[in-house]
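Asks: Given two chains presented individually in distinct reference frames, assemble the corresponding complex, making use of the accompanying hints.
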Amino acid sequence: MIQLAGLGRYLVRRAITFIPTIIGITLLTFTIAFYTPADPARAWAGGQKARPEVVEQVRKMYHLDEPFWTQYYFFMRHILSGSIYSPVTHNNIIVEWMQGFIVTANIAVLATFFTIILGIPLGIIAALRKDTAIDNAVRLLALIGYSTPSFWIAYIFVWIFYDVLRWITLVGVPIPSRIITGLFVIDAIILGEFNILDAIVSRLLLPSFILAFISFGGLARYVRNTMLDVLSSDYILYAHARGLPPFRVWKHALKNSLIPVVTVILFMFAGLLSGAIITETVFQLPGIGYKYVLAINNFDIPSIILYTLMTGLFIVITSLLVDILYAIIDPRIRL
Amino acid sequence: MSDPILKVEDLRVYFYTYAGVVKAVDGVSFEVYNKEVFGLIGETGCGKTVTSRAITRLIPDPGRIESGRALFRINSRWVDLLKLPEDELRKIRGSMITYVFQDPTSALDPLYTAGYQIVETILAHNKTHPREAWSKAIETLRRVLIPEPEIRARSYPHELSGGMKQRVVAGASIVNEPRLLVADEPTTNVDVTIQAQMIELLSQLKNLKGMSIILVTHNMGLIAEMADRVAVMYAGKIVEIADVNTIFEEPLHPYTQGLINCVPDPTKELKELYPIAGTVPDLINPPSGCRFWPRCSRAMDICKREAPPGINVSEGHRVECWLYAGSGL
Ligand SMILES: Nc1ncnc2c1ncn2[C@@H]1O[C@H](COP(=O)(O)OP(=O)(O)OP(=O)(O)O)[C@@H](O)[C@H]1O
Ligand code: SF4
Ligand SMILES: [Mg+2]
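Chains as they are written, first to last, in this note's numbering: chain A, 1 to 335; chain B, 1001 to 1329.
Hints listed in this document are in silico derivations from the structure and should not be mistaken for laboratory results.
The hints are all genuine.
Calculated lysine-lysine pairs in the DSBU-like style (CA-CA distance at most 30 Å, straight line): (1) A:255 - B:1091; (2) B:1091 - A:251; (3) B:1035 - B:1083; (4) B:1127 - A:255; (5) A:60 - A:49; (6) B:1083 - A:251; (7) B:1091 - B:1035; (8) B:1136 - A:251; (9) A:130 - B:1083; (10) B:1035 - B:1209; (11) B:1127 - B:1091; (12) B:1007 - B:1091; (13) B:1136 - A:255; (14) B:1035 - B:1136; (15) B:1007 - B:1209; (16) A:130 - B:1091; (17) A:255 - A:130; (18) A:251 - B:1127; (19) B:1209 - B:1136; (20) A:130 - A:251; (21) B:1035 - B:1206.
Simulated restraints on C-beta separations: (22) A:128 - B:1162: 28 to 36 Å; (23) B:1150 - A:131: 43 to 51 Å; (24) A:255 - B:1044: 30 to 38 Å; (25) B:1158 - A:189: 41 to 49 Å; (26) A:189 - B:1116: 35 to 43 Å; (27) A:181 - B:1116: 32 to 40 Å.
Just so it is clear, the structure is predicted and the values come from calculations on it, not from any experiment.
Just so it is clear, CB atoms sit at the ideal spot from N, CA and C, and this is done for glycine as well.
Here chain B stands alone, though its shape is the one from the complex (with noise of 0.2 Å):
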């Protein structure tokens, strides 16, 4: 389990925007281990997917990645994505490390068929015929889970609904069996008996062809079901990290067991019964020292003046928080 595939360093990703210099990522750092589902949960706009777009260096303007190395593992020999030239990194989205984006609806041009849009995705990666491509596509699409997929690979996205859209989307990111899958919500716009169906699949795809999957999600309860390791996102920070088990029994950082304490039904989302008193902190003017003081009921004076260090509290457990200062490893 735990060799690792990715090693994400000191991520920090800036927006210039007119309002201000917003810090979405800020000194982000992480591993995924092969064949491991990987959790990332936090608020809305806490930069969980420039968080897991950024690996790829998939930010668009007036984005930047400020610093840090993504290392990926290729034949064993480990690469660093955020420097790699613009040609060899095409090569490896869409075939070795793929997404599922979180709105499908706006990811799949809507002038192009489902069929054409996966088609494409595998003629970028491989020397196939294109009729053999097009066969490819119609069982990509069965196997996730589409009725009929000889007639929906001839629709266009609007003749689509949310959730076959979604599916579109995750036939995309598996046809070309990647090493790295990135789900970013793939369940927000399916019903519960799809979602079971599309977390089967994950599983199955995860067993069978021992690819690791970046889980981005508001849903708790997604994550106990599919995560094995979780890291919890707080303004643009991972402010946690451990595995799953200890997450949920054992949460340390007073935001995670505010999160974990709020769940009293693992199914429902995070967003509708969300808990913790205060909103969000501004990216662009970020509350000094720990981010979530303003909102932290233990707050000590050091937090609101200094930043806190990432302590390792135990193996493969790590929080961001005074508290613990001094009980690390």
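Isolated chain A, as found in the complex (with noise of 0.2 Å):
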């Protein structure tokens, strides 16, 4: 088990290398924008039409005009301390991106519980009846979420809920009165908000199950072979050995094939918290994946380095906490 010292040292440890990937990470964003043939502060002054002083004012306001590094410098400065507005929405991007974060957080949490319910339970059947058709059938069904366009199911469910059934609406996001925990399903229950848990739900369940759908076969997969692996393993013949009741022999199969599985879930949460394009593109939701579409087209250069920033410190602290629940779990694992 960690020591809470050992805890200390480590995250300094890590915390020390965040820095050199977050540089990496904007410095390449940035440099692909600054590199990209079109004359941004033409761009947020108006496009074509826009007069010669307002792209002039524009170009002063955001140092367009001097050399790359005091650019990067102004944008970075500004985006760390929180102070820099779109010059597309004129809103404060962290802003922006806080709301666009909480839409997308409360779909990614739904998507991987429902991932986690169906995968988890599928991939132990398909350990235990390996090689049967219960175990190809899920393999059947990891292949056709794998291989599934997302846009295409997305809108054959549109159609479906929307058009045909009308179970399901498009426009905006009902929220609870009052924000508790920040998942909007969980605080209108507690809120006792019935009429806007229906709300949400009718507007959240279908995005969040088709994020569910492309992902569940894999983990259902990963789930099997990881069981698979463990259960072949020597150390749990030699419980059976030793007459171990069936109980026990899961309490060692389970606790093993858990550091590998939680990872993959964690990395697929992560994953999902840097939004969903497409999905939320096609149900018109103002998650991150949406906004970063949108910021991509008005060649908002602020909002696409924050947005990549952000999903590049989502990959590197989950990382980081695989690291600790390893160390947590796996006793050969030191910090």
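Replies: Below, the structure is given as structure tokens:
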């Protein structure tokens, strides 16, 4: 088990390695934006018809007439201090990001929830019924999930549930009157606002389910293979050789399968937190993915940098969490 | 001496791999007597481990026990372990029949302490308070010569040396005072002094508790020192079985003779100075007739065509070789 002092030192060490990662990500994004053959000042000032003095003013405001490093420094300083406004929407981009994030996070939590409750039991069943019809069915589901384009399945679902059945809505995002946990569904239940709960469910359920549909088969396969690996290990055979009752053998099997499976789920979740571009766009949900595409279309450089930065940050933090988790579960790992 | 506690009859274990059917154990019969050390020897891959594990059906996929019986005596009644319902067999495994697995590093679960895994073994078969089980586990670790057992009990497998892990596994195998202990290469990972101590311990246990031991090994020296009777395995079959003196002084099977003649120093392992020309046969397509013929200097025509029958040359001495056809009891 980990010692707390060790953990503290480890966190500091890891936090230091964050810095070059973050600089690398932002620098790369900015470089691409910088060398893109388009004039951001003109785009932000209103495009081809913009008056030259306005274009000049925008150029000055965002230091676009200065050299590469000065520009980069300007953007980074203001992004990190949260004091930069989108040249396109004129809102604070951190605030915009947070508004998008709460929507995306809600979908991500629901999608992960569905993925887990579908993927893990199916994976365990497939492992226990290896090479039977059930196992093959799970394999097929995983394949279908992997290979179905999400825009296609999203449009099919929209057609069925919106156009035909009229069960869902496609505008706005209903939110409970107060934010408690940040998860709309749970907050609505806590506050007893059941009509809002109903609206939330009909707005968020489908996109979440689509995201889960794409990944639960993959998770099931992963759980299956991990389980089979563990079940065929020597220590499980030795557990049988010691005459351990079935539930104790299961304890050994599950604990050993836990680490790799939780790792995969965490990374999946981190990926979802970066926004589901296609699904959010089809469902017109103003999450991070949706806003990201808008920012790119508008050549909104500060937003693009911020969104990329946050995505990178999530991945880095997730791998940190995974490391800590390993250290807690696996005595072989010392931080 | 000669009252058996285990009778294995015509045991066959096949592995259904993609490459083909591996006939790992192909018609093996032997008996283990009360309070004896029964040695099982043979070169790597000949089926020693599979044979010893099949007795309690510890055969993983894609292996299947094709046929045979493993009769085990419980209170003067014989039960066929190969037919016993799973939950009844479970009560025998780890209590009446226990194992020292060949590779202690992979046998211990890396996520639990040594002490925990022994306690678990105690609690699986006894109604004991966990605290009591813990002190019993420490006592057992002390018996298998682990220094500072109180500390070691709290160690995870990766914190222990190979020899230490082997002794933990040995501890788990004796903690419930079995009637039959299967020790699969119990001394490969330990140095010579510990090896001697382990042998001493096993002999003590045998005499004190009256248990029988199946000793699986490559090591002729260990067999010479510990075994009462010996079965020599070759390519999934027992080619010769006799008491230890007979095996060393009058080996009959050409393979056994090869093994004995090449042991100038009985503490050396067989693997290192293997003398008989040729390699272990492919168990998917074993040689026709006698499986040893491609390597046998005395092979005859019939050897290539027909498998030799088991011949009881004298009381307790059986050999599968055409050279002795007609000279049986
Ligand atoms: N899980 C398995 N799948 C396929 N074949 C197997 C499996 N386990 C064992 N075998 C085969 O069964 C045969 C006998 O193996 P076994 O482990 O009993 O040999 P051994 O005599 O114990 O060898 P060693 O001295 O190396 O331990 C080998 O040829 C091996 O290839
Ligand atoms: S049966 Fe024939 S080939 Fe086999 S060991 Fe005897 S003599 Fe050699
Ligand atoms: Mg072996």
